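Produce the complete structure using the sequences and hints provided.
Here's the letter readout for the chains.
Number of protein chains: 2
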Amino acid sequence: MEKIESWLEENRSRFQEDLFALLRLASIGTDPAYDDQVRQTATWIHEFFQSISFTSEWIDTCGHPIIFAQSPHIEGAPTVLVYGHYDVQPPDPLELWDTPPFEPTERNGNVYARGATDDKGQMITHLFSCEAWMKVNGGLPLNVKFLIEGEEESGSSGLNELLAGVYDEKLGMPVAEKLAADIAVISDTSQYGPGQPAITYGLRGIYYFELRLKGPNVDLHSGAFGGSVSNPANALTEMLAALKDDHGRIQVPGFYDGIVELTEEERKQFAGLNFDDEAYKKSLGIDEVFGEEGFTTLERRWARPTFDINGLWSGYQGEGAKTVLPAEAGAKFSFRLVPGQDLKTIKSGLEKLLAENCPPGIEMKLIDMHGANGVVVSLDNPYMKLAANAVEKGFGTKPVFTRSGGSIPVVLSFRELLGIDTMLLGWGLDDDNPHSPNEKFSLSDFFKGIKSSAWLWNELAAK
Amino acid sequence: MEKIESWLEENRSRFQEDLFALLRLASIGTDPAYDDQVRQTATWIHEFFQSISFTSEWIDTCGHPIIFAQSPHIEGAPTVLVYGHYDVQPPDPLELWDTPPFEPTERNGNVYARGATDDKGQMITHLFSCEAWMKVNGGLPLNVKFLIEGEEESGSSGLNELLAGVYDEKLGMPVAEKLAADIAVISDTSQYGPGQPAITYGLRGIYYFELRLKGPNVDLHSGAFGGSVSNPANALTEMLAALKDDHGRIQVPGFYDGIVELTEEERKQFAGLNFDDEAYKKSLGIDEVFGEEGFTTLERRWARPTFDINGLWSGYQGEGAKTVLPAEAGAKFSFRLVPGQDLKTIKSGLEKLLAENCPPGIEMKLIDMHGANGVVVSLDNPYMKLAANAVEKGFGTKPVFTRSGGSIPVVLSFRELLGIDTMLLGWGLDDDNPHSPNEKFSLSDFFKGIKSSAWLWNELAAK
Chain X
1 MEKIESWLEE NRSRFQEDLF ALLRLASIGT DPAYDDQVRQ TATWIHEFFQ
51 SISFTSEWID TCGHPIIFAQ SPHIEGAPTV LVYGHYDVQP PDPLELWDTP
101 PFEPTERNGN VYARGATDDK GQMITHLFSC EAWMKVNGGL PLNVKFLIEG
151 EEESGSSGLN ELLAGVYDEK LGMPVAEKLA ADIAVISDTS QYGPGQPAIT
201 YGLRGIYYFE LRLKGPNVDL HSGAFGGSVS NPANALTEML AALKDDHGRI
251 QVPGFYDGIV ELTEEERKQF AGLNFDDEAY KKSLGIDEVF GEEGFTTLER
301 RWARPTFDIN GLWSGYQGEG AKTVLPAEAG AKFSFRLVPG QDLKTIKSGL
351 EKLLAENCPP GIEMKLIDMH GANGVVVSLD NPYMKLAANA VEKGFGTKPV
401 FTRSGGSIPV VLSFRELLGI DTMLLGWGLD DDNPHSPNEK FSLSDFFKGI
451 KSSAWLWNEL AAK
Chain Z
1 MEKIESWLEE NRSRFQEDLF ALLRLASIGT DPAYDDQVRQ TATWIHEFFQ
51 SISFTSEWID TCGHPIIFAQ SPHIEGAPTV LVYGHYDVQP PDPLELWDTP
101 PFEPTERNGN VYARGATDDK GQMITHLFSC EAWMKVNGGL PLNVKFLIEG
151 EEESGSSGLN ELLAGVYDEK LGMPVAEKLA ADIAVISDTS QYGPGQPAIT
201 YGLRGIYYFE LRLKGPNVDL HSGAFGGSVS NPANALTEML AALKDDHGRI
251 QVPGFYDGIV ELTEEERKQF AGLNFDDEAY KKSLGIDEVF GEEGFTTLER
301 RWARPTFDIN GLWSGYQGEG AKTVLPAEAG AKFSFRLVPG QDLKTIKSGL
351 EKLLAENCPP GIEMKLIDMH GANGVVVSLD NPYMKLAANA VEKGFGTKPV
401 FTRSGGSIPV VLSFRELLGI DTMLLGWGLD DDNPHSPNEK FSLSDFFKGI
451 KSSAWLWNEL AAK
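Those protein sequence lines, which keep their order, are chains X and Z. Position 120 (the first sequence) corresponds to 120 in full-length UniProt numbering; numbering is contiguous. Position 42 (the second sequence) corresponds to 42 in full-length UniProt numbering; numbering is contiguous.
Quick caveat, the hints were computed from the structure, so don't treat them as lab data. In this text the structure is predicted, and so the values were computed from the model without any measurement. Check each hint, because a few of them may be wrong.
Where chains are identical, the list cannot tell them apart; a pair therefore holds if satisfied intra-copy or between any two copies.
Cross-link-like lysine-lysine pairs, in silico, BS3-like; alpha carbons within 27 Å at most [said to hold, decoys possible]:
| hint | residue 1 | residue 2 |
| --- | --- | --- |
| 1 | Lys281 | Lys268 |
| 2 | Lys463 | Lys3 |
| 3 | Lys282 | Lys268 |
| 4 | Lys244 | Lys365 |
| 5 | Lys365 | Lys347 |
| 6 | Lys347 | Lys322 |
| 7 | Lys322 | Lys214 |
| 8 | Lys352 | Lys281 |
| 9 | Lys322 | Lys352 |
| 10 | Lys178 | Lys463 |
| 11 | Lys170 | Lys385 |
| 12 | Lys322 | Lys281 |
| 13 | Lys244 | Lys214 |
| 14 | Lys463 | Lys393 |
| 15 | Lys178 | Lys135 |
| 16 | Lys463 | Lys145 |
| 17 | Lys322 | Lys344 |
| 18 | Lys214 | Lys282 |
| 19 | Lys281 | Lys365 |
| 20 | Lys352 | Lys244 |
| 21 | Lys214 | Lys281 |
Dropping the structure here:
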């Protein structure tokens, strides 16, 4: 590894030049005006893999192309699947950028550009580490597969078709066989804080619903009719409020059944992160945190299920007073889920509870928008320990193990389709502005990421 | 009265011609493009009063002019104050009218035009009855004052200033003295049904609020933050739902205090109206009526207080799913009130109950939009019995006594400013479309209204 480390040091400025070249391509996947630059970006990656003697396949999809690349095959060695995306968020509002989004600029040790951290800068660390192994050692110590899409920011239509088997013929085999691996790696998240790398080992799931209530066939005058017919807006507040009790406990029958509770070790770990509630409250402009009794803020965010209303509407929303008894009311709401919860149980329990609380004269319609389970990789998973070693080598600091309150659908797909866990090795920082103006990525973390990745191949090969 | 009745019969077609002339004037008070026709309408009324030897005063206001007219004074006789309005609702959508809104057309015994029933056609019955008395008898048997405004459909700014004393100098005396009367009469409502005239003796009051909740300073990602901070949309549903218990009883402390309950006689009267719940449900497209336990539909609509949400908003209301934890949520809601309830008690009780249910981390702001008490005229009021006699003479049928769930602010003003009750003598029908296309008014009811009004002066004078 000494030789590889030296080679990485020597090529530091070239890595940066390559990163800047990649960031200059405006691969805005949502906007057809940029289709040409999207394809140039895919081409850049495709050609990069070819230049380091990987087999690289260009897969045209219903959306933007997917690049699938593999290191030279080593029989019997473990296989790692690396996922990344080369598309970026639209840069608007442009006027809030200090320097243009597609003219990468170095400032205060960071590169500022759209895609710097999400995900070009993070993804490419794994490409450069492979290059190092190929050039210094003539090969990698294990099998690495890359799956890089161009629609992460716009619904992953192509990837979803690929995972569903639509392109099996192009792949020459079933997709599960093509992607088969022992473990997956994604670098598209953040460190716990500056100087404190993290491995995210758990994600919450989600179950998103829309509820529509219909009362009278037209908006009525609340004076002439009020009191004699059910008001859908009142019914909506009553039905949604009934989903929680006075202690904030979610009342959907079976909701908490089967939950894999946090272990003492996990709770100790979270507590060791010294999360600062005061700073958190200040940053959000609130005077109190609030959540499930008996849990800390980090536990509530990362490892407990929730019920949040995402949208509400009914009747008159304009200026002044309008005495309307609305004909309709609606809400969007979602549950965040943790491993062990069952989507079917939740849906049927929810339907039952809502129906019980639906007053006479109101028709309800519950729309199932989408559901996904929570996932957690066991901290005893040997790959996790090896990855932690690699990150420590790269960053000079032991990573902490964190979870995230959000959902990353591809992680669930990998578990369901390939039966493998995903390790989220995030090189970014929480203030990188991935979907906002002035997106940035620390250049020293960029280099530490490359180094960590080079070590990762070494460590995982030892399994 | 025989001579007057004959004279009315003889002038039937002339009344209709005059009505049509008045309806041809597009007195759309909300639209400055029609200011000229609004003034022509006021002029028509002003000159009519002058033509029957009433003193008529043209009062310019901050809005459209008010016409105040008085019959020749009779010392010691009772005084009746008649209120009406000469402005009309905008006629849009024009394409839904079968004949143009300002070309009055006779069809199936009705006149179709904007303003036919609301309120030109109803108001003018009292002008023609006065004309009859003046022309046949040379005078009225009592004192009649007319207060006719041009902004009923657009907020009554001028009337409100008049009632507040702003134009006292123009009036030559305090407004309460100018308008002083023993009883007020308004014809701007409906009969109970075709062939069944009604006197409305009670109106509900209203107390309208807007509630705004603020949580975090920006919309948050519900995955990253959900469960750790109060969600204003959740808080809104909980706080509003807590305003009623499981039996629909309003929980605002002191809300029901002092309510003047329906008498047995009133309940018997309402029951005698044989209100058809099945037809009601069918017309509203609902499968069940619903309201306060122990009361009929009519009692719930006319004589019980309510809590209705008029509008709700928060977070994402568009297509699809957005995982937002909203920064804000809001609602408009109102209570309908019945006599005896106290506005101050309700407001302070409401503030208290909402504050108790407002979760940590949420700032609430309650905006008092407007409040007005409910009013009821005692059925023992001697004027009511006399008015009932008059209506019976005019329509050939005893009127029933009804209440209305809505509010008419001027009725409350008359009580507060002048200390008098108002009798609502409605010549219209529920399907007259007063605020919709194809507004109509039965020409035979128009004539019966004139006849009732002529008898009204006779009856009331006998008090």
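Going through the hints against the structure:
no. : hint            : result
1   : Lys281 x Lys268 : within (22 Å within a copy, 60 Å between copies)
2   : Lys463 x Lys3   : within (22 Å within a copy, 116 Å between copies)
3   : Lys282 x Lys268 : within (25 Å within a copy, 62 Å between copies)
4   : Lys244 x Lys365 : both (20 Å within a copy, 24 Å between copies)
5   : Lys365 x Lys347 : within (13 Å within a copy, 35 Å between copies)
6   : Lys347 x Lys322 : between (36 Å within a copy, 19 Å between copies)
7   : Lys322 x Lys214 : both (19 Å within a copy, 23 Å between copies)
8   : Lys352 x Lys281 : between (36 Å within a copy, 26 Å between copies)
9   : Lys322 x Lys352 : between (34 Å within a copy, 25 Å between copies)
10  : Lys178 x Lys463 : within (22 Å within a copy, 100 Å between copies)
11  : Lys170 x Lys385 : neither (36 Å within a copy, 91 Å between copies)
12  : Lys322 x Lys281 : between (37 Å within a copy, 24 Å between copies)
13  : Lys244 x Lys214 : both (23 Å within a copy, 20 Å between copies)
14  : Lys463 x Lys393 : within (17 Å within a copy, 104 Å between copies)
15  : Lys178 x Lys135 : within (26 Å within a copy, 103 Å between copies)
16  : Lys463 x Lys145 : within (17 Å within a copy, 101 Å between copies)
17  : Lys322 x Lys344 : between (41 Å within a copy, 22 Å between copies)
18  : Lys214 x Lys282 : between (41 Å within a copy, 15 Å between copies)
19  : Lys281 x Lys365 : between (37 Å within a copy, 20 Å between copies)
20  : Lys352 x Lys244 : both (14 Å within a copy, 22 Å between copies)
21  : Lys214 x Lys281 : between (39 Å within a copy, 14 Å between copies)
Of the numbered hints listed earlier, the single one contradicted by the structure is hint 11.
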